[in-house]
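Peer 1: For the record, the sequence lines run as chains A and B.
Numbering follows the working numbering, with no gaps: position 240 of the first sequence is 240.
Numbering follows the working numbering, with no gaps: position 37 of the second sequence is 37.
Because the hints were derived from the structure by calculation, they are not lab data.
Idealized CB from N, CA, C, for every residue including glycine.
Any given hint could be a false lead.
Mimicking DMTMM-like on lysine to aspartate or glutamate, the simulated pairs with C-alpha atoms at most 20 Å apart in a straight line are [unchecked claim]:
#	chain 1	residue 1	chain 2	residue 2
1	B	307	A	58
2	B	55	A	224
3	B	411	B	99
4	B	265	B	208
5	B	55	B	76
6	B	411	B	435
7	B	245	B	441
8	B	307	A	53
9	B	287	A	45
10	B	245	B	434
11	A	78	A	224
12	B	241	B	441
13	B	80	B	52
14	B	241	B	434
15	B	287	B	176
16	B	307	A	45
17	B	72	A	66
18	B	307	A	42
19	B	340	B	88
20	B	411	A	239
21	B	179	B	208
22	B	134	B	151
23	B	287	A	42
24	B	438	B	238
25	B	139	B	151
26	B	72	A	68
27	B	72	A	224
Label-pair ranges, simulated between beta-carbon atoms [what the hints assert, rightly or not]:
#	chain 1	residue 1	chain 2	residue 2	range
28	A	119	B	255	41 to 47 Å
29	A	31	B	255	38 to 44 Å
30	A	71	B	262	50 to 56 Å
31	A	130	B	354	39 to 45 Å
32	B	381	A	89	57 to 63 Å
33	A	71	B	381	31 to 37 Å
34	B	238	A	65	51 to 57 Å
35	B	374	A	31	42 to 48 Å
36	B	424	A	131	41 to 47 Å
37	A	130	B	138	35 to 41 Å
38	B	138	A	26	56 to 62 Å
39	B	81	A	26	51 to 57 Å
40	B	426	A	259	41 to 47 Å
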Amino acid sequence: MIVSSHPKRAKTGQYLVLLLYVIFLGFPLLWMLSVSFKGPRELVELYPSLIPDHITFDNYSTALHEADLVRSAVNSLKIAVITSLVTTMIGLPAAYVLARRRGLITRLGLGWILLSQMFPLILIIIPLFLLLRDLHLTNSHAGLILVYVVWALPFILWMLQSYVRGIPRDVEEAATVDGATRAQILVGIIAPLLAPGIVVTTLFAFITAWNEFFFALVILQSPDLTTLPLRLAQFVGIEGIVRLGPLAAAALLATTPSLVLFTIIQRWLTRGLLSGAVKG
Amino acid sequence: MRIGAFSPQQPAPDGATTAERRIQMRKVIGLGAVVLTGVLLAATAAQAGRRDTVKLTFATYVWQPTTVAATKSIVDSWNKSHSNIQVEIVPVDVNSVHDKLLTNFVGGTAADIIHDEAADIAGFTQQGYLANLKPLLPKSLKASIPNRIWDTVNFGGKITGVPSLMQTYNVFANMDILKSAGIKAPTLAKPWTWAQFRSVAKRLTTSDRFGVCWGLRSPTAAIQTMSLNYGGQFFYLEKGKWVFKWGAGEQAVVRQMHDMIHVDKSVDAAATGLSGSAVLPAFFGGKCAMTVQGNFSAQSMILQGPKDFNWAMFPLLKGKTQDQVANPQTYSVSQQSTHKKEAVQFIAYLLNQKNMAKLAAGDWLIPASPAAGKVARRSTKHPGSWKVATASVVHFRKGNWVSLAAYARWKAEVATPQFVQYLKDAITLNQLGDELSKGWDRVR
Numbered sequence: 001m002i003v004s005s006h007p008k009r010a011k012t013g014q015y016l017v018l019l020l021y022v023i024f025l026g027f028p029l030l031w032m033l034s035v036s037f038k039g040p041r042e043l044v045e046l047y048p049s050l051i052p053d054h055i056t057f058d059n060y061s062t063a064l065h066e067a068d069l070v071r072s073a074v075n076s077l078k079i080a081v082i083t084s085l086v087t088t089m090i091g092l093p094a095a096y097v098l099a100r101r102r103g104l105i106t107r108l109g110l111g112w113i114l115l116s117q118m119f120p121l122i123l124i125i126i127p128l129f130l131l132l133r134d135l136h137l138t139n140s141h142a143g144l145i146l147v148y149v150v151w152a153l154p155f156i157l158w159m160l161q162s163y164v165r166g167i168p169r170d171v172e173e174a175a176t177v178d179g180a181t182r183a184q185i186l187v188g189i190i191a192p193l194l195a196p197g198i199v200v201t202t203l204f205a206f207i208t209a210w211n212e213f214f215f216a217l218v219i220l221q222s223p224d225l226t227t228l229p230l231r232l233a234q235f236v237g238i239e240g241i242v243r244l245g246p247l248a249a250a251a252l253l254a255t256t257p258s259l260v261l262f263t264i265i266q267r268w269l270t271r272g273l274l275s276g277a278v279k280g
Numbered sequence: 001m002r003i004g005a006f007s008p009q010q011p012a013p014d015g016a017t018t019a020e021r022r023i024q025m026r027k028v029i030g031l032g033a034v035v036l037t038g039v040l041l042a043a044t045a046a047q048a049g050r051r052d053t054v055k056l057t058f059a060t061y062v063w064q065p066t067t068v069a070a071t072k073s074i075v076d077s078w079n080k081s082h083s084n085i086q087v088e089i090v091p092v093d094v095n096s097v098h099d100k101l102l103t104n105f106v107g108g109t110a111a112d113i114i115h116d117e118a119a120d121i122a123g124f125t126q127q128g129y130l131a132n133l134k135p136l137l138p139k140s141l142k143a144s145i146p147n148r149i150w151d152t153v154n155f156g157g158k159i160t161g162v163p164s165l166m167q168t169y170n171v172f173a174n175m176d177i178l179k180s181a182g183i184k185a186p187t188l189a190k191p192w193t194w195a196q197f198r199s200v201a202k203r204l205t206t207s208d209r210f211g212v213c214w215g216l217r218s219p220t221a222a223i224q225t226m227s228l229n230y231g232g233q234f235f236y237l238e239k240g241k242w243v244f245k246w247g248a249g250e251q252a253v254v255r256q257m258h259d260m261i262h263v264d265k266s267v268d269a270a271a272t273g274l275s276g277s278a279v280l281p282a283f284f285g286g287k288c289a290m291t292v293q294g295n296f297s298a299q300s301m302i303l304q305g306p307k308d309f310n311w312a313m314f315p316l317l318k319g320k321t322q323d324q325v326a327n328p329q330t331y332s333v334s335q336q337s338t339h340k341k342e343a344v345q346f347i348a349y350l351l352n353q354k355n356m357a358k359l360a361a362g363d364w365l366i367p368a369s370p371a372a373g374k375v376a377r378r379s380t381k382h383p384g385s386w387k388v389a390t391a392s393v394v395h396f397r398k399g400n401w402v403s404l405a406a407y408a409r410w411k412a413e414v415a416t417p418q419f420v421q422y423l424k425d426a427i428t429l430n431q432l433g434d435e436l437s438k439g440w441d442r443v444r
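For reference, chain B alone in the conformation it holds in the complex (with noise of 0.2 Å):
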């Protein structure tokens, strides 16, 4: 007999017999088995439920806090109302968007959405890193914004982004000195045309004063945009290939900016190697009449201005016309993405009418859709240069540099440098035009 162990009809220490003890362990293994199979089947039910949502990632490059908050609002609220497609926001550094992207697709690590640029989308749609989001649109997302808008997207037919907030180069003016000097504002209706802009500077240039203070340290975007004014494209398609071609519409911008600086002197040339908004405390310090800044400046007239400071936001310059290049903000799905019709589903809620005017507020950038214009415009305490911003959208117009792979390159090794040597009076505008054709020709 094994010490410890009692036969069945001893009574146990606690006074119940080996059987009764036995149907009690029987009942505590049935209730266990209940209640174990109970805890599998809630498990496998949330495991299943778990399997069912679909967790999309959404890289975004979004910076001013404002722009952060409204980004985080809206995809707040779809995780709130869409419960079975949850997105999660990888914040990206907007001056390294290229180089964390490139790196993303090429290691298969790529977000879901991708919030991009049209100029920057051209190279990957090329590598075929980006889904073709045509047959995936929603018919209102794409009757919401403008043909002319949708067709810097358009690659050859794919449409690999969709178009959200643009921006044009304006004119922006300290209202006091242009009244003491007697000159009237430009309205929406009659815009100041380059020759009038390049009086006026001239009249308010002063022995302590400039006309203008331009910020010209990387003037590529500023030059190209703005050369459309003239009907400047820069590259054009000739027999399957894009050629460089430096003629009168290419040349019309960058000349009068160059004239402003070297002939009238009415251009502070000693802030022209500053960047954009570098001048902005010498416009605020009434050391310049006039400056030139990308429209979302208006942000730092408010925020940072002197008090009283009497500023107006001008409507486009015009040359034979006043397009402008729209290369709006995107939003793309990555090839990689397994889940590309859930994320099209998000892209068209985060760039619904509302919260498209909910970001463009934030960036004070121009909404590509115009009924999002509308909202913004109803919805701000400045409504005249919101007036100004929206009524630029029928000007945007497809720049061909947009959709070119090599064109950062381009901008980069070559036009940048190029374009600095000649606002600095070191090369003629031959030397350009010589200088911009072959940098083209080395790196397409």
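With the rest of the complex left out, here is chain A (with noise of 0.2 Å):
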């Protein structure tokens, strides 16, 4: 091992490398600041500024305006929250299952967790459609949500699955000595020792279901009900032209929310991947 002989020229070289890591990380998101204050003629100029020349205010407004930003976004939200929730309550027990039980049934299921994750969604799309539209769950957010439920499950059982491995058994054997019942080793021991996996996945599901866009655009019709991601979309239009300040406005804002949530869970977020690569 090569020790240096300046230890404070080289924390001062790896902060300097970690700025640059991180200004090249977070250039987009500033990029898009400095957009969603331009005006259209400044949008277009050959050598653009990252400090807008005339700040405006416009494209919020159109965002928020034009394109019903706030009701997207609670549809959003609410959708988002359901399928994250569901998601763990199916998952956990179901992955504590997985990673606890070993023989065949739980090797051929874990094998068809991995092969579900192959489909191409544009093969499932229209069978899935008839599905939804027997089940009368076609233009809704419960039909939305059970997708996105489906969708994220066999992700978050693997991930699950692999954080339980990572407790060592001892702890449920110990309980099960003090007459501990399934449901109680679950809930009280597995559960809390887990919370970082937990975050992690629930995070995931919200994520998945915060930007999905095809599955939103072909089961929702009414504007009520619509996404933001399918919002966002309403910038783009024909040939490349894209409205570009309001839809850096509505980005910003559509990013907003999720910027949030990591930033108050980015300790349990860090736990838990970590958490999730130690194979027990």
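Two chains, two frames, some hints: make the complex.
Peer 2: In structure tokens, the structure reads:
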């Protein structure tokens, strides 16, 4: 191992690299922020600047009023929250069983979960639509939530079962010796230990539902039920013509809840990701 | 005796006898019955009224705010004047129209009235999803649109869509650059030929400026539309089968585009990888003297160009002719609709002279009805570009590819990638023809 003879200089270098990386990652967001405050003429300047020459709030006004962004945001939030809760409620006990029960059925189950991820979206959309139509669930949030839960569940099961495997069996055995039932073990012992993993997978389900476009496009018809990604698509026209200003403003507003959510739970998130990486 | 009951002769606590109470009770019941009957009759009448009202859904992909507003105002005015036929707009994402419609057709949940384009409805017609409007079209609507435009929506004798708005590909020029180079603009009477355009582009190319900026990321529509200048149809019906041909007419336009990029170097090669509208900053910034765009880009020139930007939209380029392929936006009626007659009535209203002009003005597209074109020209602040645009109506012809069901797949999977390869000089003209032909044999 090489140890630097100038620890201060090495640390400065590390921070510099980190800063460059953060700028690299954050630049698209910064650019989106800049674009959202520019007028239509400034948007097509040959040499664009990061700081707008004339700041305008017109793009935000267009995004909020013309596109009815608030109603769509409420719809998206409702769908994403319910999807993430339902997915986690189903996923947690199922993942526990998959992790703890060994045998042919478990192996087949895990294989099927992997296999189900391989079907392209375009292949399943029409049969899925027919199924929802027969259940009278087209053009409804309930139908969309059902699809999102089914869509997110395989990945969540796969993630959660690897988290469960990371928890030593001894803990459960000790609880069993003390007389705890399976349900008590799952709720009182496994769930708290799995908290970081649950946060990560719930967030995954939330983001999947929050960002999803194609299912919503096909299943929803009524403008009142529209979700955010569908609204954002309204700013993109034919032959690559984009109403860039309102799109940037709307996209920024649409990104904000995810950003806030990530900021609040980032500590859990890193712990969750790390614990998921450890195999039991 | 039950506790709390009264005998008939006994006075009730409020002083009235039981007989009197019975009479009062009968009056109350009688009155209640009359009121109830009235309410029921009124409800039945209202229900009958509701049953008589036809509700139509109208799936439209309009996306420009001006056109969205125009469509909404037309629908509102229809709903106001037709209380028995109410129309509800169902917005569709402009970039996913085909997928959305296909799913709805297959699922049996399609809207009554469908906004699409001629090239896309060919497949839906073949699959039987669209109603034949021929017997339902009012004479006035039929007469308002030229026959050669009706041809684009005539699929073996069935008319499954009403053509509305169309686009052309035009040269836009920075007039200050042209003037300083002493170049005269073409006129409707004396349009530029491809050779003139190529020569002017060369003359205007300097060390810090290109003659033309041309976004050719998806070049198929532009190439095929303009190839009709030389009669290039690409697809020909032979013995009941549509075959692909790669003759001089098909090669002329794409070869000249290629040579302008790689031989004359008058087209900015770096910009060819961009979308059409993405080259506008370079055009506005004076980095190129001309650009080729859909005629609707006139709107971007006005809204986004620098305030003192001196631009002009030129008449259609001329090969042997100025013909371009018409692929109009269309309004169709779903075969699943139970109110086809009413749906056609609404389409006729939506596309009357005044309303078609309103829609055209919103999108800066060319109305299929020449009379609507006149209205649009009269009501605009930019009569010059509208005059050029509406004068193009006589040059619209049916492109054979517009009515081929397998065309959309050929365009996406074969034509676009191969045209891009040729324009990048990665393959030869003959190789391009071979690939396009093999691709058609595979997908048709």
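Peer 1: Run the distance test for residue 265 of chain B versus residue 208 of chain B: straight-line Cα separation, threshold 20 Å.
Peer 2: 13 Å, holds
Peer 1: Do the beta carbons of residue 374 of chain B and residue 31 of chain A sit within 42 to 48 Å of each other?
Peer 2: This hint holds: roughly 45 Å between Cβ atoms.
Peer 1: Taken at face value, is the distance from the CA of residue 176 of chain B to the CA of residue 287 of chain B at most 20 Å?
Peer 2: Satisfied, since the Cα-Cα distance of roughly 13 Å is no more than 20 Å.
Peer 1: Holds or violated: residue 80 of chain B with residue 52 of chain B, Cα cutoff 20 Å?
Peer 2: 16 Å, holds
Peer 1: Go ahead and decide if the range 51 to 57 Å is satisfied by the Cβ distance of residue 81 of chain B to residue 26 of chain A.
Peer 2: 54 Å, holds
Peer 1: Quick one: are residue 424 of chain B and residue 131 of chain A within 41 to 47 Å, going by C-beta?
Peer 2: Holds, since residue 424 of chain B and residue 131 of chain A (Cβ atoms, about 44 Å apart) stay within the stated range.
Peer 1: Mind checking the hinted window 39 to 45 Å against the Cβ distance between residue 130 of chain A and residue 354 of chain B?
Peer 2: 42 Å, holds
Peer 1: Is 38 to 44 Å right for how far apart the beta carbons of residue 31 of chain A and residue 255 of chain B are?
Peer 2: 39 Å, holds
Peer 1: Starting from residue 307 of chain B, check that the Cα of residue 53 of chain A is at most 20 Å away, please.
Peer 2: 15 Å, holds
Peer 1: Quickly compare the C-alpha distance for residue 55 of chain B and residue 224 of chain A to 20 Å and report which way the hint goes.
Peer 2: 18 Å, holds
Peer 1: With the threshold set at 20 Å, check whether the alpha-carbon distance from residue 411 of chain B to residue 435 of chain B stays at or below it.
Peer 2: Given pair residue 411 of chain B, residue 435 of chain B holds - Cα atoms ~12 Å apart, limit 20 Å.
Peer 1: Between the alpha carbons of residue 411 of chain B and residue 99 of chain B, is the straight-line distance 20 Å or under?
Peer 2: 16 Å, holds
In the structure shown, no violation is registered for any of the earlier numbered hints.
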